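**Q** These protein sequence lines are chains W and S, in that order. First residue of the first sequence: 1, per my numbering; consecutive thereafter. First residue of the second sequence: 1, per my numbering; consecutive thereafter.
If you are wondering where the hints come from, they were derived from the structure by calculation, not from laboratory data. Given the structure is predicted, the values throughout are model-derived calculations rather than measurements. Cβ atoms here follow ideal geometry from the backbone N, Cα and C, with glycine treated the same way. Check before you lean on any hint, since a few could be wrong.
To be verified - Straight-line alpha carbon distances no greater than 25 Å define the calculated PhoX-like cross-link-like pairs of lysine-lysine that follow:
{"no.": "1", "chain 1": "S", "residue 1": "Lys241", "chain 2": "W", "residue 2": "Lys274"}
{"no.": "2", "chain 1": "W", "residue 1": "Lys220", "chain 2": "S", "residue 2": "Lys225"}
{"no.": "3", "chain 1": "W", "residue 1": "Lys195", "chain 2": "S", "residue 2": "Lys241"}
{"no.": "4", "chain 1": "W", "residue 1": "Lys116", "chain 2": "S", "residue 2": "Lys225"}
{"no.": "5", "chain 1": "S", "residue 1": "Lys102", "chain 2": "W", "residue 2": "Lys108"}
{"no.": "6", "chain 1": "S", "residue 1": "Lys203", "chain 2": "W", "residue 2": "Lys274"}
{"no.": "7", "chain 1": "S", "residue 1": "Lys241", "chain 2": "W", "residue 2": "Lys220"}
{"no.": "8", "chain 1": "W", "residue 1": "Lys274", "chain 2": "S", "residue 2": "Lys247"}
{"no.": "9", "chain 1": "S", "residue 1": "Lys243", "chain 2": "W", "residue 2": "Lys274"}
{"no.": "10", "chain 1": "W", "residue 1": "Lys185", "chain 2": "S", "residue 2": "Lys145"}
{"no.": "11", "chain 1": "W", "residue 1": "Lys220", "chain 2": "W", "residue 2": "Lys195"}
{"no.": "12", "chain 1": "W", "residue 1": "Lys195", "chain 2": "S", "residue 2": "Lys225"}
{"no.": "13", "chain 1": "W", "residue 1": "Lys281", "chain 2": "S", "residue 2": "Lys243"}
{"no.": "14", "chain 1": "W", "residue 1": "Lys195", "chain 2": "S", "residue 2": "Lys243"}
{"no.": "15", "chain 1": "W", "residue 1": "Lys220", "chain 2": "S", "residue 2": "Lys247"}
{"no.": "16", "chain 1": "W", "residue 1": "Lys185", "chain 2": "W", "residue 2": "Lys195"}
{"no.": "17", "chain 1": "S", "residue 1": "Lys20", "chain 2": "W", "residue 2": "Lys116"}
{"no.": "18", "chain 1": "S", "residue 1": "Lys102", "chain 2": "W", "residue 2": "Lys281"}
{"no.": "19", "chain 1": "W", "residue 1": "Lys281", "chain 2": "W", "residue 2": "Lys209"}
{"no.": "20", "chain 1": "S", "residue 1": "Lys107", "chain 2": "S", "residue 2": "Lys225"}
{"no.": "21", "chain 1": "W", "residue 1": "Lys116", "chain 2": "W", "residue 2": "Lys195"}
{"no.": "22", "chain 1": "S", "residue 1": "Lys243", "chain 2": "W", "residue 2": "Lys220"}
{"no.": "23", "chain 1": "S", "residue 1": "Lys16", "chain 2": "W", "residue 2": "Lys116"}
{"no.": "24", "chain 1": "W", "residue 1": "Lys195", "chain 2": "S", "residue 2": "Lys247"}
{"no.": "25", "chain 1": "W", "residue 1": "Lys195", "chain 2": "S", "residue 2": "Lys145"}
{"no.": "26", "chain 1": "S", "residue 1": "Lys203", "chain 2": "W", "residue 2": "Lys108"}
{"no.": "27", "chain 1": "S", "residue 1": "Lys20", "chain 2": "W", "residue 2": "Lys137"}
{"no.": "28", "chain 1": "W", "residue 1": "Lys274", "chain 2": "S", "residue 2": "Lys225"}
{"no.": "29", "chain 1": "W", "residue 1": "Lys281", "chain 2": "S", "residue 2": "Lys231"}
{"no.": "30", "chain 1": "S", "residue 1": "Lys231", "chain 2": "W", "residue 2": "Lys274"}
{"no.": "31", "chain 1": "S", "residue 1": "Lys196", "chain 2": "S", "residue 2": "Lys107"}
As the list claims (entries may be wrong) - Quick look at which bits of chain W chain S covers, simulated, 3 or more residues with Cβ under 8 Å:
{"no.": "32", "region": "51-58"}
{"no.": "33", "region": "111-120"}
{"no.": "34", "region": "177-191"}
{"no.": "35", "region": "235-247"}
{"no.": "36", "region": "295-304"}
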Amino acid sequence: MANLVIAEHDHGSLKAATLNVISAASAIGGDVHVLVAGHNASAAAAAAAQVAGVSKVLLADSAAHANLLPESAAAQVVAVAAAYSHILAPATAYGKGVAPRVAALLDKAQISDIIKVVDADTFVRPIYAGNAYATVKSSDSVKVVTVRGTAFAAAATSGGSGTVENVMAVADSGLSTFVSAEITKSERPELTAAKIIVSGGRGLGSGEKYREVLTPLADKLNAAMGASRAAVDAGFVPNDYQVGQTGKIVAPDLYIAVGISGAIQHLAGMKDSKVIVAINKDPDAPIFGVADYGLVGDLFEAVPQLVAAL
Amino acid sequence: MKILVPVKRVVDYNVKVRVKADNTGVDIANVKMSMNPFCEIAVEEAVRLREKSVATEVIAVSAGVVQCQETLRNAMAIGADRGILIETDVELQPLAVAKLLKAIVDKEQPGLVILGKQAIDDDANQTGQMLAALLGWGQATFASKVEVAGDVATVTREIDGGAETVAIKLPAIITTDLRLNEPRYATLPNIMKAKKKQLDIFKPADLGVDVTPRLTTLRVDEPPKRQGGVKVADVAALIDKLKNEAKVI
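So that you can see chain W by itself, here it is in the shape it has in the complex:
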């Protein structure tokens, strides 16, 4: 039995989420192989081969994979799928695009967003915005799974001694083409991998205030910056800041929620954080129900005081 991990990468290196998926694959048991479908991606493949627990890396190197489009990626996975009992991908925008296509092409169910491996057929996954955990067992011969990164520790990036094997790349699907990307540039840690997150909600009032109040705090703590859906909908910050059921799922050591009331959809994205701090002027805000430390007060006074005192 062997497990195939679909790597998320930028051709030159692995994305952090891939390391969590490798851990989940190791938890299932059996050999762990990694597929890198990319263009001029030998550096990403070499990095994957070094990851603890990985015994083989399949590199499909082709211009067809230059833009990591899901149609070609899924076809590539299916082309090598025969040898595997489990196919795993990160539950990220990339993995969610590819894995269901793979499952459908193989006529298998997909199990989304697993947070625990019970045994080779059985997994735990959150449903209803994390308000319930379902234990599901698959009767399919091949399990296609996406993995919630925060639920599995990242595999070590060294210590592995996998071999890299080139595999024949599939032809470009011709179904979609990449036009452009607007990637938010930031010197800060990535939201899903950050140790500390400073997150803002509607209580900040505007994009200017969001930046004016929260940036100094995030700078002091070397924190990533996040937001509630309300703040994103109101245009304070771009969509990739959103933490919640349909945004990013995070679990940092410290999550500081500023001016966030705590809708269940937001809590779904952050309630596994180790320590939660809430600063809100409404003492009845639901965020206080999950916060380890709550400060009731005006955020425009409290946050600058916090920055000054740190």
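Got chain W; can you put chain S on it based on the hints?
**A** For chain S alone, coordinates are given in the frame of chain W:
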């Protein structure tokens, strides 16, 4: 061009569900049911494309219990022209839904299928991508902007690092993210009109689709409860707690 919009009946997003005492599932008896919010956005987008004369007809389709008719009427009140229900009491999983939808696509030959990116009950985020694969079509998931010109849709997608724009050849699949549009409220006259619109009903067997579940839910549990902590008096007390008790800064 026809646009097909699959819609799902789910527990209303304002309801906090409870796990049943016997751990067999969540209690949805007497709970308010609504159209999945992402499906509403999909209906709105399809109706806007018809209003811009990009599309000629918007067909809403749902799969599930007989009460899904209400969800379809709701879609027709927003502006869908007619509805199709694939009626079954079997628990439908995404692969089965994708197969049912493929059968409807084969019948109706739409140029575009617009779906919600995920349903807020099972949070699976699979059906659109599975349907695209079964049809051999391109997909643009998590759409925040859609423009259709000729036989190409240019779609801006919300991705982890920001936004990405792709061009997909029609026919194709688009799944909606939150910020694609703000669905209109169904007006009373439109709700009345929707009651008279055509609604066809099929069974999975009529479409030749086996909907047997592949996954069995063994049990459903409450997630570990997070204990609310303490309220601190001021910023100094907060810093003291973070430094000396939680030791996170």
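**Q** Each hint should be assessed against the structure and marked as holding or not.
**A** For each hint, the structure was consulted:
{"no.": "1", "hint": "S:Lys241 <-> W:Lys274", "in the structure": "holds (14 Å)"}
{"no.": "2", "hint": "W:Lys220 <-> S:Lys225", "in the structure": "violated (31 Å)"}
{"no.": "3", "hint": "W:Lys195 <-> S:Lys241", "in the structure": "holds (18 Å)"}
{"no.": "4", "hint": "W:Lys116 <-> S:Lys225", "in the structure": "holds (17 Å)"}
{"no.": "5", "hint": "S:Lys102 <-> W:Lys108", "in the structure": "holds (16 Å)"}
{"no.": "6", "hint": "S:Lys203 <-> W:Lys274", "in the structure": "violated (48 Å)"}
{"no.": "7", "hint": "S:Lys241 <-> W:Lys220", "in the structure": "holds (18 Å)"}
{"no.": "8", "hint": "W:Lys274 <-> S:Lys247", "in the structure": "holds (11 Å)"}
{"no.": "9", "hint": "S:Lys243 <-> W:Lys274", "in the structure": "holds (14 Å)"}
{"no.": "10", "hint": "W:Lys185 <-> S:Lys145", "in the structure": "holds (21 Å)"}
{"no.": "11", "hint": "W:Lys220 <-> W:Lys195", "in the structure": "holds (13 Å)"}
{"no.": "12", "hint": "W:Lys195 <-> S:Lys225", "in the structure": "holds (22 Å)"}
{"no.": "13", "hint": "W:Lys281 <-> S:Lys243", "in the structure": "holds (23 Å)"}
{"no.": "14", "hint": "W:Lys195 <-> S:Lys243", "in the structure": "holds (15 Å)"}
{"no.": "15", "hint": "W:Lys220 <-> S:Lys247", "in the structure": "holds (16 Å)"}
{"no.": "16", "hint": "W:Lys185 <-> W:Lys195", "in the structure": "holds (19 Å)"}
{"no.": "17", "hint": "S:Lys20 <-> W:Lys116", "in the structure": "holds (21 Å)"}
{"no.": "18", "hint": "S:Lys102 <-> W:Lys281", "in the structure": "violated (51 Å)"}
{"no.": "19", "hint": "W:Lys281 <-> W:Lys209", "in the structure": "holds (16 Å)"}
{"no.": "20", "hint": "S:Lys107 <-> S:Lys225", "in the structure": "violated (48 Å)"}
{"no.": "21", "hint": "W:Lys116 <-> W:Lys195", "in the structure": "holds (22 Å)"}
{"no.": "22", "hint": "S:Lys243 <-> W:Lys220", "in the structure": "holds (14 Å)"}
{"no.": "23", "hint": "S:Lys16 <-> W:Lys116", "in the structure": "holds (23 Å)"}
{"no.": "24", "hint": "W:Lys195 <-> S:Lys247", "in the structure": "holds (13 Å)"}
{"no.": "25", "hint": "W:Lys195 <-> S:Lys145", "in the structure": "violated (33 Å)"}
{"no.": "26", "hint": "S:Lys203 <-> W:Lys108", "in the structure": "holds (22 Å)"}
{"no.": "27", "hint": "S:Lys20 <-> W:Lys137", "in the structure": "holds (19 Å)"}
{"no.": "28", "hint": "W:Lys274 <-> S:Lys225", "in the structure": "holds (13 Å)"}
{"no.": "29", "hint": "W:Lys281 <-> S:Lys231", "in the structure": "holds (12 Å)"}
{"no.": "30", "hint": "S:Lys231 <-> W:Lys274", "in the structure": "holds (17 Å)"}
{"no.": "31", "hint": "S:Lys196 <-> S:Lys107", "in the structure": "holds (23 Å)"}
{"no.": "32", "hint": "51-58", "in the structure": "violated (count 0)"}
{"no.": "33", "hint": "111-120", "in the structure": "holds (count 3)"}
{"no.": "34", "hint": "177-191", "in the structure": "holds (count 8)"}
{"no.": "35", "hint": "235-247", "in the structure": "holds (count 5)"}
{"no.": "36", "hint": "295-304", "in the structure": "holds (count 4)"}
The structure is inconsistent with the numbered hints 2, 6, 18, 20, 25, 32, although it conforms to all the rest.
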